[in-house]
Amino acid sequence: MLLESGLLGEQNGVYELISPLTALAIPSTLYDSLMARLDRLGTAKDVAQLSAAIGREFSYELLRTISPLEETRLTGALNRLVDAELLEEYSPTRLGYRFKHALIRDAAYDSLLRSQRRQYHRMIAEVLPERFGDVVEVQPELLASHLTEAGLIEEAIPHWQQAGQKALERSANREASGHLTTGLELISRLPETPQHLQQELMLRIALGTALMLSRGFACEEAENNFMRAWKLCQQFGDSPLVLNVFWALWVSQAAAARHRKAREAGEECLRLAQAAHDPALLLQAHHALGVSLLLLGDFVQGFELLEKGVSLYDPPQHSALAYASGQDSGVACLGHGAWALWFLGYPGQARKWIDDALALAGQVTHPASKAATANLASWVYQLLRDQEAAQKQADAAVALSTEHELEFWRAMGLAGQGWALMSQRRLDEGIERLRTGLAALQATGAEILMPYYLSALAQAYANTERLEEAVGILAESQAALEKTGEYWWQAEIYRIHGELLLKRPGTAPADKRAEEYFYRALQIAREQSAKSLELRAVMSLSRLLQRRGERSEARHMLAGIYNWFTEGFETPDLREARVLIGQM
Numbered sequence: 001m002l003l004e005s006g007l008l009g010e011q012n013g014v015y016e017l018i019s020p021l022t023a024l025a026i027p028s029t030l031y032d033s034l035m036a037r038l039d040r041l042g043t044a045k046d047v048a049q050l051s052a053a054i055g056r057e058f059s060y061e062l063l064r065t066i067s068p069l070e071e072t073r074l075t076g077a078l079n080r081l082v083d084a085e086l087l088e089e090y091s092p093t094r095l096g097y098r099f100k101h102a103l104i105r106d107a108a109y110d111s112l113l114r115s116q117r118r119q120y121h122r123m124i125a126e127v128l129p130e131r132f133g134d135v136v137e138v139q140p141e142l143l144a145s146h147l148t149e150a151g152l153i154e155e156a157i158p159h160w161q162q163a164g165q166k167a168l169e170r171s172a173n174r175e176a177s178g179h180l181t182t183g184l185e186l187i188s189r190l191p192e193t194p195q196h197l198q199q200e201l202m203l204r205i206a207l208g209t210a211l212m213l214s215r216g217f218a219c220e221e222a223e224n225n226f227m228r229a230w231k232l233c234q235q236f237g238d239s240p241l242v243l244n245v246f247w248a249l250w251v252s253q254a255a256a257a258r259h260r261k262a263r264e265a266g267e268e269c270l271r272l273a274q275a276a277h278d279p280a281l282l283l284q285a286h287h288a289l290g291v292s293l294l295l296l297g298d299f300v301q302g303f304e305l306l307e308k309g310v311s312l313y314d315p316p317q318h319s320a321l322a323y324a325s326g327q328d329s330g331v332a333c334l335g336h337g338a339w340a341l342w343f344l345g346y347p348g349q350a351r352k353w354i355d356d357a358l359a360l361a362g363q364v365t366h367p368a369s370k371a372a373t374a375n376l377a378s379w380v381y382q383l384l385r386d387q388e389a390a391q392k393q394a395d396a397a398v399a400l401s402t403e404h405e406l407e408f409w410r411a412m413g414l415a416g417q418g419w420a421l422m423s424q425r426r427l428d429e430g431i432e433r434l435r436t437g438l439a440a441l442q443a444t445g446a447e448i449l450m451p452y453y454l455s456a457l458a459q460a461y462a463n464t465e466r467l468e469e470a471v472g473i474l475a476e477s478q479a480a481l482e483k484t485g486e487y488w489w490q491a492e493i494y495r496i497h498g499e500l501l502l503k504r505p506g507t508a509p510a511d512k513r514a515e516e517y518f519y520r521a522l523q524i525a526r527e528q529s530a531k532s533l534e535l536r537a538v539m540s541l542s543r544l545l546q547r548r549g550e551r552s553e554a555r556h557m558l559a560g561i562y563n564w565f566t567e568g569f570e571t572p573d574l575r576e577a578r579v580l581i582g583q584m
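Per the numbering used here: the sequence shown = residues 1 to 584.
FYI, nobody ran anything at the bench for these hints, they're computed from the structure. You can trust all of the hints, since none of them are fake.
Lysine-lysine pairs mimicking BS3-like chemistry, simulated, CA-CA at most 25 Å apart:
#, residue 1, residue 2
1, Lys100, Lys45
2, Lys392, Lys352
3, Lys483, Lys261
4, Lys352, Lys308
5, Lys352, Lys531
6, Lys308, Lys261
7, Lys531, Lys308
8, Lys261, Lys231
Here are the simulated distance ranges between beta carbons:
#, residue 1, residue 2, range
9, Glu476, Lys512, 22 to 28 Å
10, Met227, Leu467, 42 to 48 Å
11, Glu169, Gln523, 48 to 54 Å
12, Thr566, Lys392, 26 to 32 Å
13, Lys512, Gln274, 47 to 53 Å
14, Glu550, Gln523, 18 to 24 Å
15, Arg271, Glu567, 34 to 40 Å
All values derive from a computational prediction rather than experimental measurement. Note that beta-carbon positions come from the ideal geometry of N, C-alpha and C, so glycine has one too.
Could you build the full structure based on these sequences and the hints that come with them?
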């Protein structure tokens, strides 16, 4: 009966209680048997009932504080309960007791009249902060729970919020969601006064962070939560809380690859931060808008904003903000700045910036920031075509994200592992891993980086001689780009399309179309000041011109872009360009 009810579950061969039992949930014969055992114990039954109000486990000191019995009678009653095998001594830090089974505790608790339960919970709630403040400081959910059961809803809500914040600080994101959701459920029972609406807004901001980290930045629950928060914000005008909501909306929209809306949210973040003259808010705003501009293909302005964010960052003051926002913005500005530097044609500086970001992330205690930075590093190393470093960081991202249940960053790490495997010519294994990562990413509601990884998948299919499938996947990549506005990879998609055309049986029309794609890639790269993409486009075009015997023009074009570079000559792209020039 209990298994079918969903109240018990099996884990590692042991049955565990999943949800609280009520008298109705316990089979009547078992309930009657447990109550008969308690009834035979006289005064000890009252002690069991009072103990049950505290919980499955309870300290002797707390019980003694709230019990009306003098100490000798109380210890005698406890000894009888132990002898009857209803309780057992339990002392992790101080003398305490534990009901030997959750069923016993629930039977004792459910035998209390509702008014008596509330009285006991009120007594416990009054004593906890006065006599056990150290416990309440560490576990505010204990006080919150007793206040709730005592019917003191308004008093309970701040403690549920505090419990949620504490859980966020431990990166216990699912636990935080539970505490904060309880607070919201309670506040829904109260009149919509300005004070209660302000409390709801604060609960929703914290809940959104917990949901995004545990279920994914673009998950439907987080988005719905923040849309409600936005409606609440409209009643409060410009304030730091409003900026927090816009920040969260930016995160959600960016992850869902709605980049034009994300840019609007980032612009509003910057406006609010500038009005507040708050360096911490300005840091977050520069992070948000800078990343949005990068993804839309504006590398110059995006980098300027990220560079400003780096200059605003003060680790002692700002690193703790990650627990509220979900990510360390200073580290993120460094990581995304590295990304921008590669596109702008500074691969050496890109490597230095990402190495600095990794070093800084190593000093923070926020797991999600570490996982995010590992993924950012993997992306930068992918652009640098450093297979070993890219895989190392993707592996680190997956390990961290799995340990801390960070679904979005885990999915990104899996995709990075797929890229690394494909680059090592472990094509079938890499394709499977990348597809697993993309499916996991989309399961969180996210679409970000889909054009990039689909284009990598298309190249892998082409390398396994599955050209028609490769062309189809690249068409998906192009469609995703047009839908999302991720123009940062547009030039490469055109270049890769041209390369796929050349892999087909050689014909003059195919060569002509490939040339058109290469020139289109070159045009886009130049418009974006994306020197690294310009180099790739010119290399593809030069190989085609060389094959047609137009060596002089090919060499002139390639030497022109190669000579622009001042660093990164050890990277694969520039090494290949140098070899190609020598062959002409």
